[in-house]
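Numbering (this note's numbering), first residue to last: 4 to 339.
I should point out that these hints are in silico values taken from the structure, not numbers from a laboratory. One or more hints might be untrue.
[As the list claims (entries may be wrong)] Here are the in silico distance ranges between beta carbons for each label pair:
1. E134 <-> S203: 27 to 33 angstroms
2. M226 <-> I140: 20 to 26 angstroms
3. Q80 <-> S131: 44 to 50 angstroms
Remember, it's a predicted structure, so these values are computed and weren't measured experimentally. Where is the CB? At the ideal position from N, CA and C, for every residue including glycine.
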Amino acid sequence: MNECQLKPHILLFSDSSIKNVIPYFSQLVQQYKGSGELNCLQDKPLEIKVISWNTNWKDDEDSRSNLTKLRLEDYHQAFKKNEQKPKEDYKCLKSYIHFYDKKHTTLSMIRKNIFHALLKVLRIENISTNENRLYTISNLINHLKVNSELNYSDLNLKVYQCCLKVVRNEKNQALSDLQTYIPVFISYFKENHRLSPKCSDFINNDKTGLDQSSQNHSSVSNMIEENNLKIEIASVHSVKGQTHDATLYLESFFNQGYGNYESERLRNQFLGIQTIPQTLGTQKTSHDKIIQSTKMAYVGFSRATQLLCIAIHKARFEQHLKTIDRDIWEIKDISS
Numbered sequence: 004m005n006e007c008q009l010k011p012h013i014l015l016f017s018d019s020s021i022k023n024v025i026p027y028f029s030q031l032v033q034q035y036k037g038s039g040e041l042n043c044l045q046d047k048p049l050e051i052k053v054i055s056w057n058t059n060w061k062d063d064e065d066s067r068s069n070l071t072k073l074r075l076e077d078y079h080q081a082f083k084k085n086e087q088k089p090k091e092d093y094k095c096l097k098s099y100i101h102f103y104d105k106k107h108t109t110l111s112m113i114r115k116n117i118f119h120a121l122l123k124v125l126r127i128e129n130i131s132t133n134e135n136r137l138y139t140i141s142n143l144i145n146h147l148k149v150n151s152e153l154n155y156s157d158l159n160l161k162v163y164q165c166c167l168k169v170v171r172n173e174k175n176q177a178l179s180d181l182q183t184y185i186p187v188f189i190s191y192f193k194e195n196h197r198l199s200p201k202c203s204d205f206i207n208n209d210k211t212g213l214d215q216s217s218q219n220h221s222s223v224s225n226m227i228e229e230n231n232l233k234i235e236i237a238s239v240h241s242v243k244g245q246t247h248d249a250t251l252y253l254e255s256f257f258n259q260g261y262g263n264y265e266s267e268r269l270r271n272q273f274l275g276i277q278t279i280p281q282t283l284g285t286q287k288t289s290h291d292k293i294i295q296s297t298k299m300a301y302v303g304f305s306r307a308t309q310l311l312c313i314a315i316h317k318a319r320f321e322q323h324l325k326t327i328d329r330d331i332w333e334i335k336d337i338s339s
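Using the sequences and the hints, build the whole thing.
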């Protein structure tokens, strides 16, 4: 983690005060900025992010009122993901970049979408297998592996780079990279092939139905102003590789197994009494949940260069973390 002069803070909230977590965080940032404990360059505003692992929308009113399964929208109801139900076939390349299954927390769904876009390009250009069958993701990969390891490696690298840009909300750059790469991709099958007008239309035209504001790095509702500070609200995945002056990590529900939240699965690490391998050695089940929570916490907690805050429900704190070392952690109770 980055070396912060300020102690990491834990903000304790209750069901009734959950909407106060982000405003309180902004007050802390303003307070430390005013006292000089949080350094601010005159020509550069503070980079402030609020992040959470589970950013899925709740599907109905019953789940929306169920505060035992917290998601980002419970803290900030206006959070939007600008998504529609994903499918395999779209009218333009840009749709494959914007409309993927966001319920998954890995790059796999974005990767799948990009491959579906490339398969559509092959269909438009009437490029098929030696058996005159349409390419699938699996036989496309096998074909490239067999015929050119270099082309196969280049494809994997390009797809991976585009996936990263999508999760970092650099969708326009990801789209541009794919538009440039597609003629190269086609050359793996037909050298000096000239793209058809239909394919050029698919690659370059925008038929997403999205307005311009929703194509930018974040929607208006995900950029808020609190206490004269601009704060972006985002997923943990989207900030990977970034650094911020101040970061607020909102704990969120993720399945069941050795607890449901980061504060439960990583209780021994918060208390400083076990390493992750030691916890995995003593806990017989739910290793995948513990490892996933560890990865998310590592990415989220290591973004801050000056101030890290973590929001934890007071009931979970009292149950698992009340003996935490307060010489290391600053505890702020905003539960009432």
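Go ahead and decide if the range 44 to 50 angstroms is satisfied by the Cβ distance of Q80 to S131.
This hint holds: roughly 49 angstroms between Cβ atoms.
Holds or violated: the 27 to 33 angstroms window for the beta-carbon distance between E134 and S203?
Since E134 and S203 have Cβ atoms about 28 angstroms apart, the given range 27 to 33 angstroms holds.
Given the range 20 to 26 angstroms, decide if the beta-carbon distance of M226 to I140 lies inside it.
violated (36 angstroms)
The structure shown violates just one earlier hint, number 2.
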